[in-house]
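Based on the provided sequences and hints, a complete structural model is requested.
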Amino acid sequence: MTQLLQTLISGLGQGAAYSLIAVGFVIIFKSTHVISFAQPALMAAGATAVALLTVQVGLNFYLAVLVAVVAAAIAGLGIERAVLRPMVGKPVFIIAIITLGLDVVIRVITNRFIGADVRPMGDPWGLERWELGALTLQHRHAAALITTAAILSALYLFFRYSRIGLAMRATAFDQETSLAQGVNVGHMFGISWALAAALAAVAGVFIGAGSTIDQQTWYVGLKALPAIILGGLDSIPGAVVGGLAVGVVEALFATYQSTYLPFLGSNFSIVAPYALMLVVLLVRPYGLFGTPEIQRV
Amino acid sequence: MATTTRPAPADRARGVRAARGSRLRGRRDLYTSYAQDMALLNTPGKRWGVGAIVALGLALPWMFVDPILQIFAIGFAYAIGAIGLNLVTGYAGQVSLGHAVFVGIGAYTAAALTGDVDGRQIGLGLQFIVALPAAGVVAGLVGWAVSPVFARFRGLYLAIVTLGLVFLGEHIFKEWTSLTGGLGAGRRGAIPEIMGWRFDQPGELLGVTLTANQQLFYLTLVLLIVFAVLARNLARSQVGRAFSAIRDRDIAAEIMGIKLSRYKAIAFAVSSFYAGIAGALFYTVNTQIDPASFGLLLSVQYIAMVLIGGVATISGSIMGALFIAFLPFITRQAPILFPFISTDPSLRDGGLINVFQLEAALYGVLIILFLILQPRGLFGLWLKVRNYWKGWPFSH
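Quick mapping for you: the protein sequence lines, in order, are chains A and B. Under my numbering, the first residue of the first sequence carries the number 25, and numbering increases by one thereafter. Under my numbering, the first residue of the second sequence carries the number 339, and numbering increases by one thereafter.
You may find that some hints are simply not true.
FRET-style restraints, in silico, Cβ to Cβ [to be verified]:
(1) Val81/A - Ser599/B: 35 to 43 Å
(2) Thr236/A - Val392/B: 50 to 58 Å
(3) Ile133/A - Arg490/B: 33 to 41 Å
Pulled from the structure, derived: some chain A residues nowhere near chain B, Cβ distances all over 12 Å [said to hold, decoys possible]:
(4) Gln27
(5) Val81
(6) Leu87
(7) Ile98
(8) Ala167
(9) Leu181
(10) Phe182
(11) Leu190
(12) Gly210
(13) Phe313
Honestly, the hints are just simulated from the structure, not real lab data. Yeah, the Cβ is synthetic: ideal placement off N, Cα and C, and Gly gets one too.
What follows is the structure in structure tokens.
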């Protein structure tokens, strides 16, 4: 029982980071109807920026995070303007493949900075933890959960009450109508990319926290894909639930699979989210909270 | 129409003549029958062009040194896989990021069937002539088996589901050590031995000594021609038209009586068959299979071949595959021209970027540039050139 609870706690802590990346995916999908495969690379780029700023430059960790997040947001704006804006109106599949190309390019640039070594994250949490009876709660997991909750509340308020948030919701609902109402749809695309990139950078910090950054770190960011599919592509609460679920499932498999399902091979927990995604999709093709697509001829 | 009356003999004879391609003299572009229009080589230019390209292809082994021929052979193996991906993604419009899995299945099937019986990994010691079709068939069957799952999804959902398949497939390849040798070790690729003749060893045929790479070049070239013609025929058949209908508007296609699940299954099965053959051939040329190589990167490479070559064209797939095959070769020449590009993987000589990073970055940059600037790929570039000269000196 203790072991199960412990697994759930660390799974949720890890899942919080996945949720942040997944929310970025959903924000981009809602405004542009495209899945950006560049999110994992942006996540790795943000994490690398923080690692370099703290350890190499010697900046304060929180300041470094702020710089990285702002830089990621600006990069998101730039990428959208330079690469994706010319493609507005083209088939979504083509744009998705462009983001796949972007992913490769951003990753190469990031890897150039990471180099062959592993880079320490330089976060203040490390592997320190609180003992709560028989259970332990790692500081980094607590920080991830609290930050995720804070960011999600801020996002909720932003979408609910701000002018830009309203314009973004209008754009997500119907691009042409919102154009006719005076919304600058192009700016909304840019803002959603900036938001998504910033969220990815924050997520990168928590994925690197207590651990190190290397050339394979971006791989972790791909786990947000099963998360958004689980939750439904166009649902922000779905992305959060999906991200947490992916984290928990991964932790459960890491703890119990070698005992109960040894035939699946070692390290199955890494691919367990994808298996979970396939199972859920067979039952619910639009995820748990997604809106079924209305198809017209 | 079921009620067509039989044409009079004279009409029928004219129809047959028209179908065989009798044309008015000097009217090269005038088609008098549907069959002429749909013919494989429907213009004199194509007839001469294809003949010239095949003749050039047969002559290449005597014009280039062995390492270049090996790149060509790899390119031909890639091309077969790219044609397969183009059938499912370009013609049938089902975006698949899972191609790498089927390439892997083909590679391991062929390797296991031809492998040493007493070797450390599974080996049955069969002939290549059995193993190669088997590689295609096994991959095709797996493609057929998973197609009911894939047929449920459209567009980007499908892309992510197939991405999931890549991760599961990679996991299985890494863990099934008795077949694949496991991470870091790997196993030998298929041995190309037919009737005691080894294609991967120098040999003498009709008094001419052929190097291993020359033979592998011919082996892959002949197979590529066979599979390219087969794919082209499939694409212009009723099945191919059904694919295009599904791609352009699946619901409309369904209303017209095209069974979506059936044709999607055909598309995935045929595409996987091609991928399996490509995998078997590639690792015959490359000799060593590493289970980590069937990941997302390989799928992206195949997507790049299709997009750079030209979506929904067979000749484009071949161009794109050769382009991607030669990309590492080109990037390795880059440090000579650009001193800031380093050949040292860890950049100890102070270079800005090394050739491997340059190669990876080029995949991405080329995909982006082609999609934005030339969406029809190399094939589209060729069309532009052709149409310019067709109308020369007029603009159109």
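Outcome of the hint check:
1. Val81/A - Ser599/B: 35 to 43 Å: Between Val81/A and Ser599/B, where Cβ atoms are some 57 Å apart, the hint is violated.
2. Thr236/A - Val392/B: 50 to 58 Å: About 54 Å separates the Cβ atoms of Thr236/A and Val392/B, which means 50 to 58 Å holds.
3. Ile133/A - Arg490/B: 33 to 41 Å: Holds, since Ile133/A and Arg490/B (Cβ atoms, about 37 Å apart) stay within the stated range.
4. Gln27: 25 Å, holds
5. Val81: Non-interface label on Val81/A holds, nearest chain B Cβ at 20 Å vs cutoff 12 Å.
6. Leu87: 28 Å, holds
7. Ile98: 20 Å, holds
8. Ala167: 28 Å, holds
9. Leu181: 29 Å, holds
10. Phe182: 26 Å, holds
11. Leu190: For Leu190/A, whose nearest Cβ neighbour in chain B is about 26 Å away, the distance exceeds 12 Å, so it holds.
12. Gly210: 17 Å, holds
13. Phe313: 14 Å, holds
When held up to the earlier numbered hints, the structure conflicts with hint 1 and nothing else.
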